[in-house]
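Protein sequences appear in the order of chains A and B.
Following numbering that gives the first Met the number 0, the numbering of the first sequence begins with 0 at its first residue and continues without gaps.
Following numbering that gives the first Met the number 0, the numbering of the second sequence begins with 0 at its first residue and continues without gaps.
If you're looking for bench data, these hints aren't it; they were derived computationally from the structure.
Each residue gets a CB set at the ideal place from its N, CA and C atoms; glycine is no exception.
Any given hint might turn out to be false.
Unchecked claim - Derived contacts from chain B toward chain A, CB cut-off under 8 Å, selection only:
hint, residue
1, Ile73
2, Ser162
3, Arg208
4, Pro259
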Amino acid sequence: MRVPRRFVTAALAVVLPLAVLSCGGRRHGVATVLLDRGSDTMINVAQAWAEAYARVAPEVSVEVAGGGSGVGIAALIEGTVQMANSSRPMKPAERDRLRAARGVDPVQIVAGYDALAVFVHRDNPVASLTLAQLEAVYAEHGAAERWSDLGIRNTACPRDTIIRISRQSSSGTYDFFREVALRNRDFKLGTLELNGSKEVVELVGHTPCAIGYSGMGYATPAVKMVPLARAAGAVAVAPSPRATLDRSYPIARPLYVFVAGEPEGETRRYLDWMLSPPGQAIVAAVGYVPLPAGHTEAGR
Amino acid sequence: MTTGASGAPAAPGRARFRRPPLSVWTERLIETVVIASGVSAVVFVAVILFFVVREAAPVFVSEHFSLREFLFSIEWYPTSLVKVRYGVAAMIVGTLAVTTLAMALAVPFGIGAAIYLSEFCGPRLRETLKIVIELLAAIPSVVWGFLGLTVVNRLLILLFGASVGLNVLNAGLLLALMSVPIVVSIGEDALKAVPDAHREAALAMGATRWQVVYRVLLPAARHGLLAAALLGVGRAVGETMAVLMATGHAVQIPGGLLDPVRTLTANIAAEMGEVSQGSEHYQVLFAIGVLLFAITFLVNLTADLVVRGVRGK
């Protein structure tokens, strides 16, 4: 479940001074403060990294803020942060601005992957869906209202209606699914909006008529993940870390961290730790796909 | 208070009857506190209303917002990339549907239970029942919501073949269970307040117990019973957490009891957390708050007029 940003900010506002004060007594203050800003999708993982790193290197404090990928990149260009989290690549215009402002090229680091699985009840006979079918189910004015509209005889669901389950509109998962599966169109009215990835999978598990989406790490035995095809003739690919990494699975994207110029000093140490097995274990723990073992340097 | 003693040189005997200054001050202090408590209710309502209206106000003059769309369109797309739309008609209908169902279940059961408790039940059983009913009122709403999400959800699919278990019926059942204790306790008080002389007179005339209840007690206690029902409505309209979890939180006009809906309160709760302060979406959420104020005011006003109408007869 995503923690509302404002609570996080408020909690940080209370906790940070205390943390600094309490550390100050014992360790003569935090030697280095790294600032990390950007994507709201990545804020959970970025915060988990920062917290875990505080135990690895207590003399370094990493402060994380959200605001969106664009906000983080803008802050990197201004030089107010050392790292920018982004769930999209940097635009050429942004690269140019960074070069003009700071005199260096951005360095792009892939720190993990975000892949959404489409879930149905385990008794649903659907074998695969195309992105166009997914759009017809979910998007406003989409044609598919019943399972039979997709050519599926879902006997577990006597009324045949497709129950569409989504996340609340403020979540990054909602934005990502809307961007990739709905091509930025709106969700159909009457779509159930739930407040957490786990809740979506749980409800799909109880509801034979339902279809829903969440990070693939949330799968349970009560649901099945639907293989997806980019187009009608194409091969349907089941979501898996491997299919995410070789880009054959359609609803996946890398999670980027950008720095201005080759990272040095504490920033470099932090990024190396992020790509190391302990850092990547955190990626998996918050529901994303970690980099494959041995690929950490390739991610750079 | 006597003032004569202060001017003239007081005789020792009379001075003893003057109240000590401490006592006078204490009384004044208590008086002030009581007045302040009384006035504070008005002040709080006024301040809350002012704050809600102030936060909502800018959106009413915004060019993206039209009051007509707000009240009569069912399209709620506050974060759309294509076209932002703020229509809450579906949520108004959702709120009414859930509340009406809850009241249709809670009022007959609640009043029935109140009649049983006050007229038919033995004193020992009554004490036990009252404790249990008060316990029912003490269950936090998030626990009710959890019950709806897990137990009622599955039951509705199993028993009624519902497409999805989070729907009007689920939320209506939960809200009915949550409002019943209020209806029962206030209803019972209202029936108890009817003087025993009424009962005795009716029984002396040869009325059966049922006739006493139907012809004497219910008409005599009607104001109290109406108040009981309306407080139940208030509880149901204002409830947030349980309906957020049990309605399915889907923006649509329900076609039946087994369709998911969204209520106004749940929408505010779900979206206020992450909306950026001062944005148009934030202001529209406050406009929904103003709308809820208006609905509550209308309910109370209607109740008041009805009670007066009943009195007038």
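Taking the hints in turn, this is what the structure says about them:
no.: 1; hint: Ile73; in the structure: holds, 7 Å
no.: 2; hint: Ser162; in the structure: holds, 4 Å
no.: 3; hint: Arg208; in the structure: violated, 47 Å
no.: 4; hint: Pro259; in the structure: holds, 6 Å
Hint violations for this structure: number 3 only, all remaining hints satisfied.
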